[in-house]
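Enquirer: Here is how the chains run, residue by residue.
Protein chains: 2
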Amino acid sequence: MNILILGGGGVVGQKLAQSLAQRGHLRGQEITRMTLADIVDPVPVEAPFPVETTTCDIADPASVATSIDADTDVIYLLAAIVSAHAEEDFDTGYRINMTGTINVLERARALGTKPVVVFTSSLAVFGGEVPDPITDHTFLNPQTSYGTQKAIGELLVNDYSRKGFIDGRGFRLPTISVRPGKPNRAASSFMSSILREPLNGQEAICPVEDDFLHYYLSPRKCVENLIKGAELAEDDVGMNRNMMMPGKIWSVRQLIDAMTAVAGAEPAKLIRFEAQPDIQRIVKGWRYDQAPEKSLKLGLTADDSFEDNIRYYLEDDKPAA
Amino acid sequence: MNILILGGGGVVGQKLAQSLAQRGHLRGQEITRMTLADIVDPVPVEAPFPVETTTCDIADPASVATSIDADTDVIYLLAAIVSAHAEEDFDTGYRINMTGTINVLERARALGTKPVVVFTSSLAVFGGEVPDPITDHTFLNPQTSYGTQKAIGELLVNDYSRKGFIDGRGFRLPTISVRPGKPNRAASSFMSSILREPLNGQEAICPVEDDFLHYYLSPRKCVENLIKGAELAEDDVGMNRNMMMPGKIWSVRQLIDAMTAVAGAEPAKLIRFEAQPDIQRIVKGWRYDQAPEKSLKLGLTADDSFEDNIRYYLEDDKPAA
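Chains A and B supply the protein sequences, listed in that same order.
No gaps in the numbering here: position 109 of the first sequence is 109 in the numbering used here, and each next residue is one more.
No gaps in the numbering here: position 228 of the second sequence is 228 in the numbering used here, and each next residue is one more.
Just so you know, the hints here were simulated from the structure itself, not pulled from any lab data.
Only a predicted model underlies this, so the values are computations on that prediction, with no experimental measurement involved.
Please note that the accuracy of each hint is not assured.
The list cannot tell twin chains apart, which means a pair is met if one copy fits it or any two copies do.
Said to hold, decoys possible - SDA-like cross-link-like pairs, simulated, lysine to any residue; straight-line CA separation at most 25 Å:
no., residue 1, residue 2
1, Lys284, Asp167
2, Lys114, Arg281
3, Lys114, Asp278
4, Lys294, Gly128
5, Lys114, Thr92
6, Lys182, Arg220
Could you put the whole structure together from the sequences, leaning on the hints where they help?
Expert: See the structure below:
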């Protein structure tokens with residue numbers, strides 16, 4: 001079992017790699033090799049099998065060709081330009097998120113080896129005038145270029161799978177929180193930073209009101225689901241290879257209260273509310289009322305409480321003082 | 001008002017051009033120029049204003065750039081590789097139907113003139129495990145590459161419209177019948193030829209059973225709707241620029257009975273039923289139970305009876321004996 005993680009330098013890619021390294025097997029087979037590829041050479045992970053790190057620009061077909069071999073069994077396609085970045089830079093968003101996805105699928109098709117491709121989509125594919133709750137059969141009407149690019153990726157994963165070029169499965173990620181590391185250009189960046197920075201003793205700005213509702217999943221659960229996602233039987237995935245990954249709806253107030261319940265009253269005092277219309281315009285177009293029936297039926301799971309999400313951050317990610 | 005019809009040599013493109021020529025105005029303005037562009041130089045139409053014909057390969061950005069000027073007000077994007085052709089030739093399908101659409105949208109974006117773009121999608125965007133009836137909020141799960149390419153076009157029309165690069169509106173065409181001319185490589189080709197050929201005294205093969213249900217519209221109504229579609233106010237189109245064009249559900253038996261009612265008993269005797277599994281596999285994956293609430297509300301209409309469709313063919317298209 002030879003695994004490639006495109007976007008292997010990112011938060012989810014690194015955690016996925018660590019989890020696969022600890023696990024040692026996937027889809028009933030021992031893992032014999034893993035490659036982490038990203039636009040900058042990823043941090044390697046320790047594993048009982050060889051782990052290679054490499055740079056790969058998915059927008060460049062030649063670069064993709066050097067990363068995906070005929071003996072690549074499973075490809076995690078996590079690499080992407082995030083939402084606010086894709087909204088600001090139209091060309092780069094399409095180049096990475098659409099053309100990059102096409103390059104990966106085309107490489108798999110050219111090899112003729114039908115690898116498993118696990119594609120990460122996003123709840124940003126939903127928007128517009130569709131009624132709540134969002135079901136497995138709800139129209140994708142993204143209100144960002146990022147969401148559009150992910151929706152196109154979903155369609156391509158379906159078509160390349162239907163044609164037998166890949167065995168694809170796509171998962172629309174809820175917003176991942178508490179995400180470790182630094183703020184990024186995702187419009188959802190604050191949904192981690194209002195917790196992470198205060199837990200690390202730093203100030204944070206919340207650009208929305210505290211009754212803002214959204215749909216969340218911890219990094220730990222996300223990785224569990226991505227591993228389960230690779231292991232689903234092809235026949236069970238059905239005619240739409242893409243599905244919402246389970247999450248839970250919480251308000252900003254509930255996130256903060258969970259932090260206080262786990263870590264005491266001090267961190268919450270470091271949050272300053274400061275409305276940011278640009279961010280609000282994007283995130284208020286997202287849809288949080290999700291009914292991910294299919295993925296729940298297939299055994300994927302959400303967190304039990306946001307207190308768990310806070311604890312996972314403290315256990316897995318909080319920098320040593 | 002300067003109009004460009006990409007796909008102006010096709011059946012719908014030609015009829016649209018003739019109708020616009022007779023009409024003389026669009027969106028409240030006098031038509032001052034019309035260009036018919038296609039992969040081979042289209043047949044010109046008579047009009048009280050200048051009509052240019054030109055070759056354009058939409059897969060080639062330079063070719064697209066010569067067809068779309070800063071003074072192009074309305075672009076009808078009808079050019080496409082049809083369903084069975086796109087299913088057989090994966091690369092050509094994506095090159096014309098996806099990359100071609102991108103080239104047109106990118107040209108409009110580069111000009112910065114925000115033309116009205118009327119995009120023709122297809123009911124082939126629907127399929128898979130979604131429940132009936134198909135509504136304006138039903139998930140697009142195409143089961144052909146053609147449907148996938150059209151669904152991607154819809155997403156792009158939405159995103160380029162949302163960004164203000166175009167004023168887009170897309171219409172998913174029912175199967176157009178009775179389509180004049182010759183059979184083509186569309187899987188739906190027989191849905192006209194089992195009527196057209198017998199009406200012209202020729203034999204025809206029906207590759208499905210006579211209880212096969214499908215969703216139809218006459219060319220005359222389709223053109224009416226495409227003109228109304230260009231004239232809709234941008235605000236009325238809403239956050240999803242794409243909608244099903246109204247049609248009606250009929251069985252093959254009902255089509256044949258309508259032909260007999262209008263043209264007598266002889267034509268039906270020229271139809272031979274001969275099952276074709278390749279065609280059946282495609283057309284049985286299409287969804288006919290459509291509830292096009294939005295387009296009906298916006299004033300688009302279907303035919304009253306299939307007898308009308310037969311009469312329109314006899315009036316508009318039947319070759320002189």
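Enquirer: Hint by hint, note whether the structure agrees.
Expert: Results for each hint:
Taking the shortest alpha-carbon separations for Lys284 and Asp167, only the inter-copy value of 24 Å comes in at or below 25 Å, while the best intra-copy value is 34 Å. For the identical chains of this complex, Lys114 and Arg281 are inter-copy neighbours only, at 23 Å across copies versus 40 Å inside a copy, given an alpha-carbon limit of 25 Å. Taking the shortest Cα distances, Lys114 and Asp278 sit within 25 Å of each other only across copies (23 Å), while inside one copy they are farther apart (42 Å). For the identical chains of this complex, Lys294 and Gly128 are neighbours both inside a copy (22 Å) and across copies (14 Å), given an alpha-carbon limit of 25 Å.
Taking identical chains as interchangeable, the C-alpha atoms of Lys114 and Thr92 lie at most 25 Å apart only when they sit on different chains, with a minimum of 21 Å there against 28 Å within one chain. With identical chains, the CA atoms of Lys182 and Arg220 are at most 25 Å apart within one copy only, with a shortest distance of 18 Å there and 59 Å across copies.
Violation of the numbered hints given earlier is absent; every hint is satisfied by the structure.
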